[in-house]
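Trainee: The chain contents come next:
2 protein chains.
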Amino acid sequence: MEGGAILEGLARRDPAALARAISLVENRREGFEQVLARALVPRAAGATAGRRTGLTGPPGAGKSTLTERLIRHYRAHGESVGVIAVDPTSAFTGGALLGDRIRMESSEVDSGVFIRSMATRGSHGGLAVTTEEVAQLLEAFGFAQVLIETVGVGQTELDIAGAADTTVVVLVPESGDAIQTLKAGVMEIADIYVLNKSDRPGADKLRHEIEIMVSMRRGSRAGAWEPPVIKTVATTGEGIGELTGALEGHRAYLETSGMLVARRKRRVEALTRAVLTRALERWVWEAARADEIIAERLDDVLEGRQSPYELAQAVIEQVKSGALE
Amino acid sequence: MEGGAILEGLARRDPAALARAISLVENRREGFEQVLARALVPRAAGATAGRRTGLTGPPGAGKSTLTERLIRHYRAHGESVGVIAVDPTSAFTGGALLGDRIRMESSEVDSGVFIRSMATRGSHGGLAVTTEEVAQLLEAFGFAQVLIETVGVGQTELDIAGAADTTVVVLVPESGDAIQTLKAGVMEIADIYVLNKSDRPGADKLRHEIEIMVSMRRGSRAGAWEPPVIKTVATTGEGIGELTGALEGHRAYLETSGMLVARRKRRVEALTRAVLTRALERWVWEAARADEIIAERLDDVLEGRQSPYELAQAVIEQVKSGALE
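Protein chains in written order, with our numbering: chain A, 32 to 356; chain B, 32 to 356.
Below, computed lysine to any residue pairings styled on SDA-like, alpha-carbon distance capped at 25 angstroms:
1) Lys296(A) <-> Ile324(B)
2) Lys351(A) <-> Arg69(B)
3) Lys351(A) <-> Arg320(B)
4) Lys351(B) <-> Gln65(A)
5) Lys351(A) <-> Ile347(B)
6) Lys351(A) <-> Gly62(B)
7) Lys296(B) <-> Glu323(A)
8) Lys236(A) <-> Gly233(B)
9) Lys351(B) <-> Ala310(A)
10) Lys296(B) <-> Leu329(A)
11) Lys236(B) <-> Pro232(A)
12) Lys262(A) <-> Gly272(A)
13) Lys351(A) <-> Ala319(B)
Just so you know, these hints were derived from the structure itself, not from any lab.
Computed from a predicted model, the values in this text were never measured in an experiment.
Could you build all of it, start to finish, from the sequences and the hints given here?
Mentor: As structure tokens, this is what we get:
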């Protein structure tokens with residue numbers, strides 16, 4: 032199925048076309064930007080119709096089960112749900128988290144639910160951009176709720192979380208390292224904390240610790256949203272109502288404070304910047320024959336006759352002198 | 032202190048000059064590439080004199096204490112040690128992991144030890160490159176051992192680990208999520224597993240699970256290194272001798288198998304590629320006045336009159352038509 036057929040399929044809301052569009056975007060295959068350009072416009076890129084919720088946290092915190100609970104909740108309220116699950120699985124361990132996923136896949140018979148896993152392997156800095164693009168595709172397709180689930184709490188995950196309007200950080204009592212995790216940049220992105228598996232020992236202690244950190248932080252920003260700490264047991268559904276209530280509450284806060292528009296605007300600006308960088312880089316890299324040059328001169332670098340910095344400078348001089356077409 | 036003074040300081044092995052060189056590189060300040068080019072050449076970029084060990088694992092696993100133990104071990108054997116500690120701390124939580132660090136800082140009175148923390152905030156995809164550059168600086172300065180400590184097990188951390196010859200993955204018994212962590216791409220980079228805090232319950236069970244995963248993997252690659260699982264209690268020093276023995280063993284394996292040279296070669300190629308990309312990108316971004324163009328046209332993108340992809344294409348056409356200088 033090539034670009035034209037995908038666009039046609041998207042227009043008649045064919046889930047198979049959506050799946051193919053995502054593959055095209057994820058793998059950056061020839062023509063993906065044209066498909067995106069046509070699939071996403073005339074819908075304004077800054078539109079705020081869809082609701083995007085990010086769920087992030089350490090492996091084993093129960094994010095998939097929580098996601099499944101949210102899907103059921105929204106479906107019960109007649110809302111369609113698109114899910115992006117960003118898996119750090121690799122070629123070797125491919126499908127490692129599939130076990131977690133399987134229970135969720137059962138939701139797929141419902142046409143109001145679309146679940147898509149994306150691999151992080153090899154995508155490095157580009158993953159945040161791809162996630163934003165896929166989220167836009169899901170919104171353009173018409174999903175009222177878009178859930179973005181990421182495993183881990185590293186820089187990559189924080190970047191991905193940036194694609195959501197509301198970010199839920201999921202922790203568990205036995206994360207003895209939870210407070211360190213919070214310090215590691217997560218506090219800045221958490222709009223809501225979920226303390227899952229809260230029937231286990233240590234839940235109240237951890238909740239208390241998080242609340243102290245939240246209140247310390249609030250001190251420095253008057254009038255700001257105060258992230259609630261919600262105890263859940265995703266396997267039984269306990270606390271899910273409180274979570275969806277908090278999601279509603281944060282959405283209302285974003286809307287009335289004007290932050291929803293501001294967040295979306297910042298996101299579109301970042302995407303535009305990334306798309307332009309990517310396009311420039313691809314063009315210059317090809318036009319400068321950079322691969323050939325590196326292959327030719329790598330021995331000089333390895334043996335210390337030239338540094339990578341001198342090599343780069345030489346290529347740029349060559350480009351400037353008009354060798355590009 | 033500008034470039035010339037830094038180079039002069041490096042030549043007479045002044046630690047203050049090294050600290051300033053690292054700051055220059057870390058912040059990508061004007062002239063950092065010239066300093067690197069001159070500080071690292073004529074020393075061959077592919078040289079394999081220094082020994083680089085990476086330590087990675089979840090927060091709270093005791094990596095800093097292990098690092099401190101390794102420093103003591105190498106110092107007792109007369110080897111100098113340079114440490115790069117990559118902290119995911121942010122502006123807000125700046126210095127959050129300092130508590131961990133403080134015990135280590137006491138080593139700094141010894142001129143054979145140099146410890147440097149690097150922030151990950153905002154550096155995104157560039158962090159692996161910066162880590163490689165700083166590691167080269169430490170080697171060029173003359174440190175026999177270079178330790179690279181990263182907090183977390185996300186894609187960023189895996190990328191950073193690529194700067195080491197030998198990667199140690201540190202886990203603790205209470206990581207109930209340890210096996211999921213292993214599946215999440217870590218198995219491919221682990222040369223040695225350390226099960227720290229192994230006096231706690233669950234250590235033998237986890238060790239057994241890791242060994243099963245290692246042996247399953249080995250099946251697919253005959254003759255490959257089989258990562259050992261070493262139990263340590265870093266706070267008491269238990270198991271450190273076994274760890275340093277395993278580090279020696281892995282080094283010998285890398286040397287006899289030819290993999291040491293292959294790994295370093297791949298690393299130099301990646302660095303060269305990244306340096307060239309960065310230089311091309313910076314030049315084109317400036318020459319194309321990309322910031323101005325985005326500022327001018329962002330409203331069109333936000334309101335859906337133009338997609339980021341069309342905007343990028345228009346800029347490239349403009350560049351191609353000779354507007355660059």
